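Trainee: As they're listed, the protein sequences go chains H and A. The first sequence: position 518 = 518 (UniProt numbering), numbered continuously. The second sequence: position 208 = 208 (UniProt numbering), numbered continuously.
Please note that a few of the clues may not be correct.
[As the list claims (entries may be wrong)] Distance ranges between label pairs, derived from CB positions:
(1) A:R114 to H:V174: 38 to 48 Å
(2) A:R124 to H:L474: 19 to 29 Å
(3) H:P452 to A:A86: 15 to 25 Å
(4) H:T39 to A:R63: 51 to 61 Å
(5) A:R63 to H:H283: 37 to 47 Å
(6) A:A86 to H:L474: 16 to 26 Å
(7) A:S17 to H:A281: 45 to 55 Å
(8) H:P200 to A:E164: 53 to 63 Å
(9) H:L474 to A:A121: 23 to 33 Å
(10) H:L287 to A:R63: 35 to 45 Å
Derived by calculation from the structure, the hints in this document are not laboratory data. What you are looking at is a predicted structure, and each value in this text was computed from that prediction instead of being measured. Think of the CB as a built atom: it goes at the ideal place given N, C-alpha and C, for glycine as much as any other residue.
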Amino acid sequence: MLLRLAPAATLAVLAGPVVLGLAFTLLPAFGFLPALGGTDFSLDGWRMLFAAPGFATALALTVGTGLATTLLALILAAGLFAAAAHRPGMARLRRLIVPLLASPPSGVALGFAFLAMPSGWLVRLLSPWATGWQVPPAGLVTVGDPLGASLVAALLLKEVPYLALMLFAASATVPVERLTAAARALGRGPATAWAMVVFPRLYRQVRLPVFAVLAFSMSVVDVAIIVGPGNPPPLAVLATRWFQGYDLALYYPAAAAATLQFLLVVIAILLWLAFERPIAALHRRWLARGSRSRVPGTAAEVAGALAGLLIVLGLLSLLAMLIWSFAGSWRFPAALPDHWQLALWRDEAGGAAALAGTSAGIGLAAVAIALVLTLACLENEQRHGLHPGAAVLWLIYLPLIVPQIAFLFGVQVLLIHAGLDGTPAAVVWAHLVFVLPFVFLSLADAYRALDPRYAMTAAAMGAGRWRVFLMVKLPLLARPILVAAAVGFAVSIAQYLPTLFAGAGRVATLTTEAVTLSSGGDRRILGLVAVLQTALPLAAYGLALAVPFLAFRRFRGMA
Amino acid sequence: MSGDPAAAGALVLAGVSIASRDGRHLVDRLDLTVPPGIVATVMGPSGIGKSTLLAYVAGFIDRRAFAAEGRVMIGHERIDTLPAEARHVGILFQDPVLFPHLSVAGNLLFGLPRGRWRNRAERRARVSEALEQAGLAGFEDRDPATLSGGQKARVSLLRTLLAEPRALLLDEPFGKLDAALRADVRAFVFAHARERGLPALLVTHDAEDGEAAGGPVVALAGPGVRPPSG
Chain H
1 MLLRLAPAAT
11 LAVLAGPVVL
21 GLAFTLLPAF
31 GFLPALGGTD
41 FSLDGWRMLF
51 AAPGFATALA
61 LTVGTGLATT
71 LLALILAAGL
81 FAAAAHRPGM
91 ARLRRLIVPL
101 LASPPSGVAL
111 GFAFLAMPSG
121 WLVRLLSPWA
131 TGWQVPPAGL
141 VTVGDPLGAS
151 LVAALLLKEV
161 PYLALMLFAA
171 SATVPVERLT
181 AAARALGRGP
191 ATAWAMVVFP
201 RLYRQVRLPV
211 FAVLAFSMSV
221 VDVAIIVGPG
231 NPPPLAVLAT
241 RWFQGYDLAL
251 YYPAAAAATL
261 QFLLVVIAIL
271 LWLAFERPIA
281 ALHRRWLARG
291 SRSRVPGTAA
301 EVAGALAGLL
311 IVLGLLSLLA
321 MLIWSFAGSW
331 RFPAALPDHW
341 QLALWRDEAG
351 GAAALAGTSA
361 GIGLAAVAIA
371 LVLTLACLEN
381 EQRHGLHPGA
391 AVLWLIYLPL
401 IVPQIAFLFG
411 VQVLLIHAGL
421 DGTPAAVVWA
431 HLVFVLPFVF
441 LSLADAYRAL
451 DPRYAMTAAA
461 MGAGRWRVFL
471 MVKLPLLARP
481 ILVAAAVGFA
491 VSIAQYLPTL
501 FAGAGRVATL
511 TTEAVTLSSG
521 GDRRILGLVA
531 VLQTALPLAA
541 YGLALAVPFL
551 AFRRFRGMA
Chain A
1 MSGDPAAAGA
11 LVLAGVSIAS
21 RDGRHLVDRL
31 DLTVPPGIVA
41 TVMGPSGIGK
51 STLLAYVAGF
61 IDRRAFAAEG
71 RVMIGHERID
81 TLPAEARHVG
91 ILFQDPVLFP
101 HLSVAGNLLF
111 GLPRGRWRNR
121 AERRARVSEA
131 LEQAGLAGFE
141 DRDPATLSGG
151 QKARVSLLRT
161 LLAEPRALLL
171 DEPFGKLDAA
181 LRADVRAFVF
191 AHARERGLPA
201 LLVTHDAEDG
211 EAAGGPVVAL
221 AGPGVRPPSG
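Next up, chain H with everything else stripped away, as it sits in the complex (with noise of 0.2 Å):
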């Protein structure tokens, strides 16, 4: 039967390119690489990459901004929960972060490098009342630091939102009030009885996304070129520039660098597991002590403060970037442009529409294939009653925690090999890897709590497992399998690297095309891209929601 093969399946299809890859990107990292004549073991590679300029800041930048991004989106979801999580204004909040979920890692970067640079909104908000500047200020350096401040900022207004979605997930298992209400009794003010007593169990159960926030911000690529330090660039971005580089020589030390960077996400890994032991042990003790101190609860509220304008900080960015795709002539210090404009629109409606279409179409390849791979799995699973452990779980992280350029370059290879590299159907494949983890993360636990006495009821009516799925799980699961694939969706829309590798550099999206505008395009140009950007995924994730709302409006069972 086809569907007792869905497991297998979607193993091949998520594990297979990270695996093959990996060892793909590891054999050129020694030499090896028949294509360009290379089949002795050498050690060139590595010899290349040490000595290459800039290499230890390199290195630094990456371990640095991977950590301190992990760390203060950690700090700051969990702070705004400890703040919020006793206010009524938690669900708007939710609400509130959908279009930073939604908006795709390069696009928050391109709208806070607009508000962030010298001649961007917030200095233009505060000139020239405040700081008397009539021109931007010169000697100023903002976005592209060196020390990588501005990639951390940036990515921080995606990971928080995304942290704080996960722990709204986690929060839904754990009797949240119940405990709060127990270390209240005790004289705890509300935000320190969460730090005492909810965080702990919550954190248990974000572990696995906050390492793939710190995988991801130690060896994000787009975002780096769009804020990141130029000279020298974090690891992968040096990485990526060799591979796509014109000296093939430069393979080698490419792969040296995709190889470093895999080692050292596992290391980081290792090192955050090692740490949460003794952390753990001091916060056990500080339970233990008993403190009435009132510093737990003014830290917590001020990391809540600062996740908190964090948001609206993500939010104006993505404003921002709407309001340069209608400027006219948009002079400093001005707050507002001078003149506003539907030329742009109109003049490259015809290439912003293929770039749209391109992804777009890219985009729902790999969402179908994904929901019919976990509605299949996930169909499989409670015919056989079965109840996957940690490992599975673990295996379906593993695109998300092993870092992209570590096995993209390797499955180029093998690309290459297959005569496949630039096809539709492998770009598709490489965004798949991606998009099934996240479909199938958000839609499982739907479907594993639907009540199997609709199922049951239907079939003591005669109706076979065919008819069962087909005319009372997927309709009653109707709305979570559309948000799924509106998640997925708006992953795939994010695709920067992927689509790069496995298109061979000749597949262009709306984010390939925003990165490479990034360095000097013209501003409005970006804007509109970046507006598209965000827009796609946005208006899935309102389909997913309107398109139940209206089959099943006569139904207020459905609601």
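Place chain A on chain H using the hints.
Mentor: Relative to chain H, chain A alone:
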């Protein structure tokens, strides 16, 4: 008993044993014959495995959580080897479990055997007739979420009966109804089972349900205790 009640379409359980995988014996070699038109009752406190017994009869038992054996027959036909959808054993749960995405008529049409009424108009007529007989005339297009508790329970039973089951399983179907409604719905369900000559197996923790059923009563007392045969 004289004659062979099995031949007339009785529900027969022969040597049915169920144990959970952690080693608890829930049901130990249960023999029970429920003749057509009779409602037999399995009594016992909650958590004792009553619902698991019905799950075994209906074909839904979770084989990873329970080890179960023994024959289940309707008349002379053995059904415990068949998939749930081929057993034609209707089941009613504590909740009406109406499909929330279908109208009342949609719910009732779901189970109507497709071989018998092929024609759409005939199928709808059959549904309308059943609703009318149950005092629910004109409810075809209603959203099940807007029905009262008693109406939902009636629609739920009608849906099960329209699927033309050969036996009826009742998994505490009156447990959530308030006292006044309870007697009413109970009488409705039992009357339909008798009228159609269906063997019915009721599980409940409420002795009153068992008395009202009027058939044999089996007590599931717990681990290791062998219940008397019916």
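Trainee: If a hint holds in the structure, say so; if it does not, say that too.
Mentor: Quick rundown of the hints versus the structure:
A beta carbon spacing of about 46 Å between R114 of chain A and V174 of chain H agrees with the range 38 to 48 Å that was offered as a hint. The supplied range of 19 to 29 Å is met by R124 of chain A and L474 of chain H, whose beta-carbon atoms lie about 24 Å from each other. The beta-carbon spacing between P452 of chain H and A86 of chain A, approximately 19 Å, falls within the hinted interval of 15 to 25 Å. The hint said 51 to 61 Å for the Cβ distance between T39 of chain H and R63 of chain A, and at roughly 55 Å that hint holds.
In this structure, R63 of chain A and H283 of chain H meet the distance hint of 37 to 47 Å, their C-beta atoms being roughly 42 Å apart. Separation of A86 of chain A from L474 of chain H is about 22 Å and conforms to the stated range, judged on CB atoms against 16 to 26 Å. For S17 of chain A paired with A281 of chain H, a C-beta distance near 50 Å keeps the hint of 45 to 55 Å intact. In this structure the hint that P200 of chain H and E164 of chain A lie 53 to 63 Å apart at CB holds, the actual value being about 56 Å.
Checked against the given bound of 23 to 33 Å, the beta carbons of L474 of chain H and A121 of chain A, roughly 27 Å apart, stay inside it. For the pair L287 of chain H and R63 of chain A, the beta carbons lie near 44 Å from each other, so the given range of 35 to 45 Å is met.
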